[in-house]
Every structure is written in C-alpha cells, then in structure tokens.
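Student: Generate the whole structure from the sequences, applying the supplied hints.
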Amino acid sequence: MLELYSLKKSFGQVDAVDDVTVTIDAGQMVGIIGRSGAGKSTLLRLVNRLVEPSNGKILFNGRDITKMKGRDLRLWRASCAMIFQQFNLVERMDVLTNVLIGRVAHQGFLPTIARHFSEAERAMAVHSLDRLGLLPQALQKAGTLSGGQQQRVAIAKALVQRPEIMLADEPIASLDPANATRVMEALRKINREDGITVLVNLHTLDTARAYCDRIVAMRAGRIVFEGLPNELTRDRLNSIYGVGDDADFEIDESVTSTAIAPPAGSQARQTTMA
Amino acid sequence: MMSDLSQTIHGFETEYAKTRRKALRLQVASTLLFAGAVLFSAYVGGFFGFTDVTLPSGERVSMPKLWAGLPRLGEYLEKTIPTLRLTSLGPDLAEWFWRWETWLRLLGETILIAYAATVLGVAGGFLLSFLAARNLSPGRWLSILVRRYLEIIRTVPELVWALIFVFCFGVGPLAGMLAIGVHATGSLGKLYSEANENIDMRPLDGIKASGGSWFQQMRYGAVPQVIPNVISYTLLRFEINVRSSSIIGYVGAGGLGQEIRTAMSLQEYTDLSALFVIILVSVTIIDFLSEKLRHRIIGLSEHWT
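The listed protein sequences correspond, in order, to chains A and B. Quick note: the first sequence, position 124, residue 351 per the working numbering, numbers continuous. Quick note: the second sequence, position 296, residue 581 per the working numbering, numbers continuous.
Misleading hints may appear alongside valid ones.
To list a few chain A residues with every Cβ distance to chain B over 10 Å, as calculated [claimed, not checked]:
| id | residue |
| --- | --- |
| 1 | V241 |
| 2 | G254 |
| 3 | R415 |
Not the full set, but computed from the structure, chain B residues with beta-carbon under 10 Å of chain A [claimed, not checked]:
| id | residue |
| --- | --- |
| 4 | D485 |
| 5 | R487 |
| 6 | P488 |
| 7 | L489 |
| 8 | G491 |
| 9 | K493 |
| 10 | S495 |
| 11 | G496 |
| 12 | G497 |
| 13 | S498 |
| 14 | Q501 |
| 15 | Y505 |
| 16 | P509 |
| 17 | P513 |
Keep in mind that the hints were calculated from the coordinates and are not lab data. Note that the structure is predicted; figures quoted are calculated from it, not measured. We put the CB at the ideal spot given by N, CA and C, even for glycine.
Tutor: This is how it looks when you write it as structure tokens:
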C-alpha cells in the first residue's frame, strides 16, 4: 500500500504538486489524469524519489520513503520501477544490457566496471524479454528499435527490477495506436499476473477508462477527483480539463483517443473489473 | 474583417523591417570592430614597425621591419640546405644524415614519450571529465574545482612543465613524459568534459530510476554516448603529443629535441634540416595512420557499447 500525505513540491514560486494526500491499494492499476502541467509527472517522480519533496510524507507498507538515503534509497527506486514517455534507454547499448540495467541496484563496483551480471540475472532478463515478445531483438542496439518496442524493452527492464509497484509516466504518449495498445496490454498483464501495483499517467481518457481500476485526477498540483472510472461524468471532466470561463468548451474524447476501436465499450469492461 | 487582417499583416511587416534593420546594424558594427581589432593587434605586434638599415653604399635608411628582415629568413634557410649532387647522392645523403643511428634511437624515444604521455592524459582526463562536466558532476563546487584544476595544468606550457620536472627528476624522458602527460590531462579533460556536457541525459535518468548509483549512471548512461568522441580526441591528442615530444628535449626532457638544441648551438645548419625532415616524415606517417584508425574506429564504434 502506497500512502502519500500532504505531499508538496515547489519549483521556485510554482507548486507543481500541492498538498496531495492519496492512498493507492496494493495490486491496483491506477490512472492519473489531468492537463499538461497539472503535476502528474512530478508526482510519479516524487514517489520514485527522482525529485525531492518540499514537504509531506511517502509511506510504502508503513515504511517512510521520504527519509531514505544511499543504498536504501537505491533499493527503493529498484522496487518501484519507473517507465518514461521517452523510454530513457541507452540507445547505443544492446537490448539485453538495457534490460540488465534493471539489476544495477544489486551490482557491485567491480562488476559495474566490467559490465558483468550473474547468470541468474541474465536468465531473468532473457525471460522477461521473452515475456514481452522481444527476445529476437535482444542483441540489437536499443536505438534501432521502434518506439513501441523500446517502451516494451523499458517494461522488461522494469520487470527484472522485481518491483512491487510500477510507475509509468505517459508511457504511450509518443506511440501510435497499435503500439500504445500493446504497451497498455503489457502493463495490464503485469498488474494482473504479477500483482504489481501500477500507477500510470495518461493523456487519453478512454485509455484510462479502459485499463484502470481507479482514476485520480489532478489540476494545478492538487487532486480534484478520485474514484471509479464510471464516476467521471461530463461535469467532472470539465472541472478537470475545462478552461474555466469558456462556456462553449466541451471535451470530445474521440479527438484525443488513440484506441483503434471506439472507446464506447470500455465502460462496460470497466464495471466488471471494479 | 478584411481591414483587420491587412492591419495584422501591416503590423507584422513593420515589425519585420525593424528586426532586419537591427540585425544589419549589428552586422556592420561587429565587422568594423573585428577589423579594428586585427589592425590594432598587428600594430602592437610591430607589424608596421621601422628599422634602420645600412645600404651597401654606406647610406643608412629607415625601412619597414618586415621588409628588411625577410632576406635574413632566406639566408637562414639557405644555410640549412645540404649539398646533394646527383653524381654522389648516396654519400651526400649519408653525410646529411650522418648521425642517423642516434637520431633513430631518439625518434623511438620521442614516440614512446608521446605514447606514454597520451596514456597518462587519457587516464587522468577521462576520470576528471565526469567530475568537471556541469551536467554530470555530483557537486557544483567539485565541478568548479576540477575545471579550474584542468585549466591551470593546461595553461602552463609543456616546456615549462618540462623544466619543472627536469628539475625534480633529472634530465631524461621521464620528465618529458610527465610534462606532456600533465598538459594532455588538462586538454583532454576539457575536451572530454565538453563531450560529456552534450550527451542525452534521459538514459541517465532511466538508470537512476532503476536504483543506479552516480558511478553506474556514468558507466552505463554516459560512457557509451561519449566513447566515439573520446577515441577521436585521444588519437588527435597523440598526434599533437608526438609534435610536442620532438621539441621537449630542448630543455633536457628526452627525445629528438636535445639534438635540435645541440645543432643550433653548434650552428650545424644541415643537421637542423635533417632533423626537420625526420620529424616531418614521422609526424606525417603518424597523422596518416591515426586518421585512418580514427575513421575505422568511428565506423566500428557503432557496434560497440
């Protein structure tokens, strides 16, 4: 269980994340939605401690994450795997090594210099690449893969970290619909089969509706909605995304949709899961 | 609606013309400034200076220094030309390169000094470049400190380092190797750190998010990105170091330089030209080979990590 208490991050005068208190139950797949600049990325980076909080507390299964330092911090980062919009792979290295980088938190100084990983770790990497259907590309350079493949390499890398929670920051924002679907399906599979909690930032509402058990909406650094996907009514959406005084402004989900099938059926699927 | 649109266009045109006039003014001003700076530095350097010259008639006239001095350059060069006759080319050449055994040995020493100094410079420069790079350094003050250190050691010329090391370790190639190595550390550290500053930081973020330490971020995220540049700069530096080590013996730090000094002080002008030919030929060969190697490696490094 991940608990955030009055979490705050200020960059100069701007509060990117402002007094966020939320609890994420273990094993859930939670979508975070909101306009650009609402603080979604910063929130995930705060949980992974890539960004230091200005105030507040993060607890995971009762352990205080905010105070961690050195080796403890690195092990925490390993146990809450992060997936980025731009994949953040080392493009000049092969896919296998990129996946093995998921094991760095457990690697000593000399093995790091020699880029040495144990046989067990290599087997883990191969297994997780195979799970994502990328074993044939294992010895190719990561940079030569398509965006969708690179994102799945990033997921394979996240898996070898043996994480308890996975944070995905706009994982499909730079992908075409077919690849976006494969990446979302992979995340869902990991969530269902491995019981890993998934926290995912999404731009597209229908994706959030189709894949997430719960939805958290942010606006200007604050949480403005928290609940089931089918509780996201038109009025609520307008309060999340709306531009305020512009009364004519309506959100048309089909404009931003990246789904191949129309998002209409996603609601029904959602209710059965919740 | 129509007048609205034309007003917007008119506004843009006015604004655009203003921007262009401003750019032109800046261009003219900077050209004039540049020309002025060139003339001023030439003046300070004595380019337009005059000197008194005694003509064969005994008359003393004042003429431009540059004009008066040029014939002397020809005179000096003429003295270094050896006598080579077609009829006795072999013996003439043998006489020109009469000390070839010593020179060959010293040439070997010169190249070894350059090689060892390059290794020294690469080791030091590579390690320090990560601390010096603004985007990678674990601490702002550490990066400032390391950058100042690199600046200092490369600002001091190799010949001055050589004098210092000859004083410490005595005459010989050790002093030369250290002198060129220290200078190369400063130069390579600077070049490497600039390559470091141009890398994509996203892979490093990815490694950090997986629990990677600073060292692991460098090893896996930064090194693969900079390795082609590092190899290229290193080979380039080796070429420069060969040139440096061929002169460093002038102050007793090993290599061919000591022969240049002897030849100059004994006024053995043809020895000077022989040494010049040796250095020119070996530097050309090394440049050629290292350029080939550099291109090979840049091509190959596509397959490296």
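Student: Tell me the hint numbers this structure goes against, listed in increasing order.
Tutor: Violated: none.
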